[in-house]
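Start from the sequences and build out the full structure, keeping to the hints where you can.
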Amino acid sequence: MAYSDKVIDHYQNPKNVGTLDKAAKNVGTGLVGAPECGDVMRLQIQVDEKTGVITDAKFKTFGCGSAIASSSLATEWLKGKSVDDALKIDNMEIVEELALPPVKIHCSVLAEDAIKAAINDYRVKNGMEAIKFEESVVH
Amino acid sequence: MLKLPIYLDNNATTPMDPRVLEAMTPYFLEHYGNAASRNHPFGWEAEEAVDYARGQVAKLIGADPKEIIFTSGATEADNLAIKGVFEMYASKGNHIITATTEHKAVLDTCKHIEKLGGEVTYLPVNAEGLIDLNELEAAIKPTTILVAIMYANNEIGTIQPVKEISAIAKKKGVLFFTDATQAVGKIPVDVIKDGIDLMSFSAHKMYGPKGVGALYVRRKNPRVKVTAQIDGGGHERGMRSGTLNVPGIVGFGKACELCQLEMEEETKRLINLRDKLETELMKLEEAYVNGSREHRLPHVANISFKYVEGEGLMMGFNKNIALSSGSACTSASLEPSYVLKALGLGDDLAHSSLRFGLGRFTTEDQIDYTVKSISETVLKLREMSPLWEMYKDGIDLNTIEWAAH
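Chains A and B, in that order, are what the protein sequence lines are. Number 110 in the working numbering belongs to position 110 of the first sequence; there are no gaps in the numbering. With the second sequence counted from 1, adding 139 to any position gets you the working numbering.
Honestly, the hints are just simulated from the structure, not real lab data. From the three backbone atoms N, C-alpha and C, an ideal C-beta is built for every residue, glycine too. Treat the hints with care, as some may be off.
[Stated by the list, open to error] Subject to a maximum C-alpha distance of 30 Å in a straight line, what follows is the list of computed DSS-like cross-link-like pairs (lysine-lysine):
#, chain 1, residue 1, chain 2, residue 2
1, B, 142, B, 349
2, B, 407, A, 79
3, A, 50, A, 6
4, B, 531, A, 22
5, B, 422, B, 349
6, A, 15, B, 519
7, A, 6, B, 458
8, A, 15, B, 511
9, A, 25, B, 422
10, A, 116, B, 531
11, B, 349, A, 6
12, B, 511, A, 6
13, B, 519, A, 6
14, B, 531, A, 15
15, A, 81, B, 519
16, A, 15, B, 349
17, A, 22, B, 519
18, B, 231, A, 125
19, B, 422, A, 116
[Said to hold, decoys possible] Ranges of calculated distance between the beta carbons of each label pair, as one might list FRET restraints:
#, chain 1, residue 1, chain 2, residue 2, range
20, A, 101, B, 187, 45 to 53 Å
21, B, 542, A, 49, 24 to 32 Å
22, A, 96, B, 535, 35 to 43 Å
23, B, 507, A, 129, 56 to 64 Å
24, A, 76, B, 519, 36 to 44 Å
25, A, 101, B, 205, 34 to 42 Å
26, B, 428, A, 2, 30 to 38 Å
[Unchecked claim] According to the in silico footprint, chain B covers these stretches of chain A (three or more CB under 8 Å from chain B):
#, segment
27, 9-17
28, 31-37
29, 40-50
30, 64-71
Here you go:
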């Protein structure tokens, strides 16, 4: 299967690979996927507590090129967004941007799940209730 | 100057040896007769060429030429062997014994047999990919008609104890069929010494053309018969009808001859290259060889690089190096390699595996390039892997509750 140029670019030059301080109060961490399934994403956001804007985002991903590209793209989109706007990121936007084929849609779902998990982690840490999301598409 | 891309997927298929193509060419344009045309020179030439090739093929495996049934490939030969024995020996029984690591052409044919009312036992393998001979013997019962165990595995290269298996089958009066697609032409295979009753193999895995293979069917001690699965003009002693693929068969014969002539030296060369590749790659942390290192084809290495995913790994170099992964993502299904799982490998290691298949045209330069390229990619992806970070932080990944998805 041929990858799109955008997937290849993110794979070769991933944006925002790294680790934020998991213990920090203004950092939210989402770890989704499972090694047995062949992909694990860890996505972290750092939030400006006053403005609610995401000032930094980092990821590390174990998975195929599409999974790496999806998480790399997600971190790019997250930076500068408010937490509320970040919640609106839909996996299909990732699919479109990266031109993922149907068999790789699960990578985008995983990225969306990672964003939501990171936001919930941040919310819980800061005394807010975790948002209940509908079950994502099983893949 | 190193020419890219490098082909290291010789278990999938091999390039044709130019000498094979040369032997085939006249049979497309000049000697295009039908080998079954008995009444003119075109037919005679074709028949003569097929007879000659049949002799070359038989010689490589220590068989009589009359014992070679040409087919379209190993998959057809597997089907003919299993379905043909099941039908032919129906009055004797309906039980077949095979192993979980067989090729899909054998496993799916066995599934078909089950639908037809047959009974199939799938023997497990140990961590090296070998079946247990005691388990095999214990599995044989009065209704058993066939033991179907491959000679060498396509993913890990593990060579089964064929002589011991055939001895058990013989002792119990059961036929022994082996899918030797990966073994014939690579290591010495002798149907007499190995005690084989039926054996499938294919030209395109040994530098011959695609679309031609053979089933060896023993003619004495015992005389084995299979019911034809393709009916028609009664070619191949009635066991496989259909106009013979004369150029393909000529190429198959030539390929067999070359393998026989060059096997000894080629094996030495390939073991050296394979061992170099393996030794260098095993210098990476958390790299594991899958399958038996002792009982293994000379040109195969299957290695898992823990904490990186196979398809992601291949993407780092697949423009320049062609090989396979046991990762789910490379196949249509989302399941990782069933062969690796049968060894007891966790899904995570199965997802992290690469299969190297070296071949006649693999050079040391190519191996050096491959080692460098793969090592760099593994290191780069580990820097990007959350699992690697956890491992380095001393976190036991088994203690984490992964979200089911």
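These are the hints, each one checked on the structure:
1. B:142 x B:349: Roughly 24 Å between the alpha carbons, so the hint for residue 142 of chain B and residue 349 of chain B holds.
2. B:407 x A:79: Not OK: residue 407 of chain B and residue 79 of chain A at ~57 Å, beyond 30 Å, violated.
3. A:50 x A:6: It is violated: about 35 Å lies between the C-alpha atoms, which goes past 30 Å.
4. B:531 x A:22: Roughly 16 Å separates the two Cα atoms, so the pair holds.
5. B:422 x B:349: violated, 37 Å
6. A:15 x B:519: holds, 14 Å
7. A:6 x B:458: holds, 16 Å
8. A:15 x B:511: holds, 24 Å
9. A:25 x B:422: Violated. Residue 25 of chain A to residue 422 of chain B sits at ~40 Å, over the 30 Å cutoff.
10. A:116 x B:531: holds, 27 Å
11. B:349 x A:6: violated, 36 Å
12. B:511 x A:6: Within the cut-off at roughly 26 Å; holds.
13. B:519 x A:6: Judged against 30 Å, a Cα distance of about 19 Å means the pair holds.
14. B:531 x A:15: holds, 22 Å
15. A:81 x B:519: holds, 29 Å
16. A:15 x B:349: With a Cα-Cα distance of about 44 Å, the restraint between residue 15 of chain A and residue 349 of chain B is violated, given a limit of 30 Å.
17. A:22 x B:519: Measuring from Cα to Cα gives roughly 23 Å; hence the hint holds.
18. B:231 x A:125: violated, 71 Å
19. B:422 x A:116: It is violated: about 39 Å lies between the C-alpha atoms, which goes past 30 Å.
20. A:101 x B:187: 45 to 53 Å: holds, 51 Å
21. B:542 x A:49: 24 to 32 Å: holds, 27 Å
22. A:96 x B:535: 35 to 43 Å: For residue 535 of chain B against residue 96 of chain A, whose Cβ atoms are near 39 Å apart, the range 35 to 43 Å holds.
23. B:507 x A:129: 56 to 64 Å: holds, 58 Å
24. A:76 x B:519: 36 to 44 Å: violated, 19 Å
25. A:101 x B:205: 34 to 42 Å: violated, 51 Å
26. B:428 x A:2: 30 to 38 Å: The hinted range 30 to 38 Å holds for residue 428 of chain B and residue 2 of chain A, with Cβ atoms some 31 Å apart.
27. 9-17: holds (count 3)
28. 31-37: Coverage by chain B holds for the segment 31-37 of chain A (7 residues, Cβ < 8 Å).
29. 40-50: holds (count 3)
30. 64-71: Held - the segment 64-71 of chain A has 4 residues with a Cβ nearer than 8 Å to chain B, which meets the minimum of three.
Taken one by one, the earlier hints fail for this structure at numbers 2, 3, 5, 9, 11, 16, 18, 19, 24 and 25, listed in ascending order.
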